[in-house]
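J.: Sequence:
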Amino acid sequence: MLALRTRKLYGIDPKSWEHPADLAAMSALRDVKGLDEVIKFIFGKTSEQSIRLLHIASAVRVTPNQFPRVHQMLERTVDVFDWPYRPEVFVTQSPFFNAGVFGVSEPFIVLNSSLVQRLDDAELSCVVAHEMGHVMSGHAIYKTLLWLLLNISSMLVPMAELILLPVVAALREWDRKSELTADRAGLLASQVEEPNYTLLMKMAGGDDVSQLNMNDFFAQAEEYDKQKTLLDGLFKMLNTVWESHPFPVIRLTELKNWAVSGQYQAILDGNYLKRGLHQADPAEELRQGFEFYKSEFEAKDDPLSKTVRNLGDGLSKLGDDIGEALKGLFE
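Numbering (this note's numbering), first residue to last: 529 to 859.
Just so you know, these hints were derived from the structure itself, not from any lab.
Small disclaimer: the values here were computed from a predicted structure and weren't measured.
All residues carry an ideal CB built from backbone N, CA and C; glycine is no exception.
Hints should not be assumed to be uniformly reliable.
Estimated spans, in silico, between C-beta atoms of each pair [claimed, not checked]: (1) Ser575 - Gly666: 30 to 38 Å; (2) Asn593 - Ser642: 21 to 29 Å; (3) Val737 - Arg597: 13 to 21 Å; (4) Lys561 - Gly804: 45 to 53 Å; (5) Ser633 - Asp753: 36 to 44 Å; (6) Glu565 - Glu634: 23 to 31 Å; (7) Gln621 - Glu721: 30 to 38 Å; (8) Thr768 - Val737: 37 to 45 Å.
With a cut-off of at most 30 Å between alpha-carbon atoms, the simulated DSSO-like pairs for lysine-lysine come out as follows [said to hold, decoys possible]: (9) Lys730 - Lys784; (10) Lys756 - Lys730; (11) Lys784 - Lys543; (12) Lys802 - Lys671; (13) Lys543 - Lys568; (14) Lys536 - Lys561; (15) Lys730 - Lys802; (16) Lys671 - Lys730; (17) Lys754 - Lys730; (18) Lys671 - Lys543; (19) Lys754 - Lys802; (20) Lys730 - Lys536; (21) Lys536 - Lys784; (22) Lys730 - Lys561; (23) Lys543 - Lys730; (24) Lys802 - Lys543; (25) Lys756 - Lys784; (26) Lys568 - Lys671.
Take these sequences, add in the hints, and give me the full structure.
T.: If you want it as structure tokens, here you go:
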């Protein structure tokens, strides 16, 4: 059942909240040469059922009788999103503060036991909704592919790390951006901002809330954003390249900006895309994504971004000049 005053989002299409950076990264990923061949090869050697059997054997499946607390959270999340598919959820023994989705045609959610033990109900509900967001947006197949490439590809493909590096790098870039979309799903399901922020704070610094302060954490996020020397920009880029998730302070800032942008409230007010009535336009999604990247990049005033931007402007002008010169030759 829905909590008091929670708004049910009838027939909502996940395109209503998907982050433009996620859409752009996904479009870029689909353009990576060899991706289709890798997908066919990897899923030809293993299957969704093999991964599901692994979790049936090694984890605890959530039911009304096993982890009923989590089961109720899943029921509520599916109800809020009016979603026709209810994924299985497994809890696996792990000290790592993480969760994930796996599968292709019937994706399922896996929660690490540390999350279930250390988060309060509101925060854990945000995690369940976050993972449900991945399911709804069709992220599971690509996340499963990345997991397989990182864990078993070397057994299937000689020199896999070298051969598959471009695909893995593109998958990792998209994987990080997909978290921004899923964070929005967590907020939409909970419809309360604070637990989404305390969740990120706990991810960064542990679960003893008596030692944490939200205002200080927001100040920390602002400080990170303000570090804009050329070296800072380089460090930020290098620190992120092989991470599976954006850093908590980045996710905090992105989610807060979206919460106050008006888009979040518009969805709660019923202004959103409906499933079956909205036809995806890949070209438009790509355009929106790159427009987002462009506006974000142009707004940055750190030396690294300025240098790259000025170089790009210079190359663009050079291209125009060469084009004009060639045009003159043939007139």
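J.: Hints numbered earlier in the text: which of these fail when held up against the supplied structure?
T.: Hints 1, 4, 8, 14, 15, 19 and 22 not satisfied by this model.
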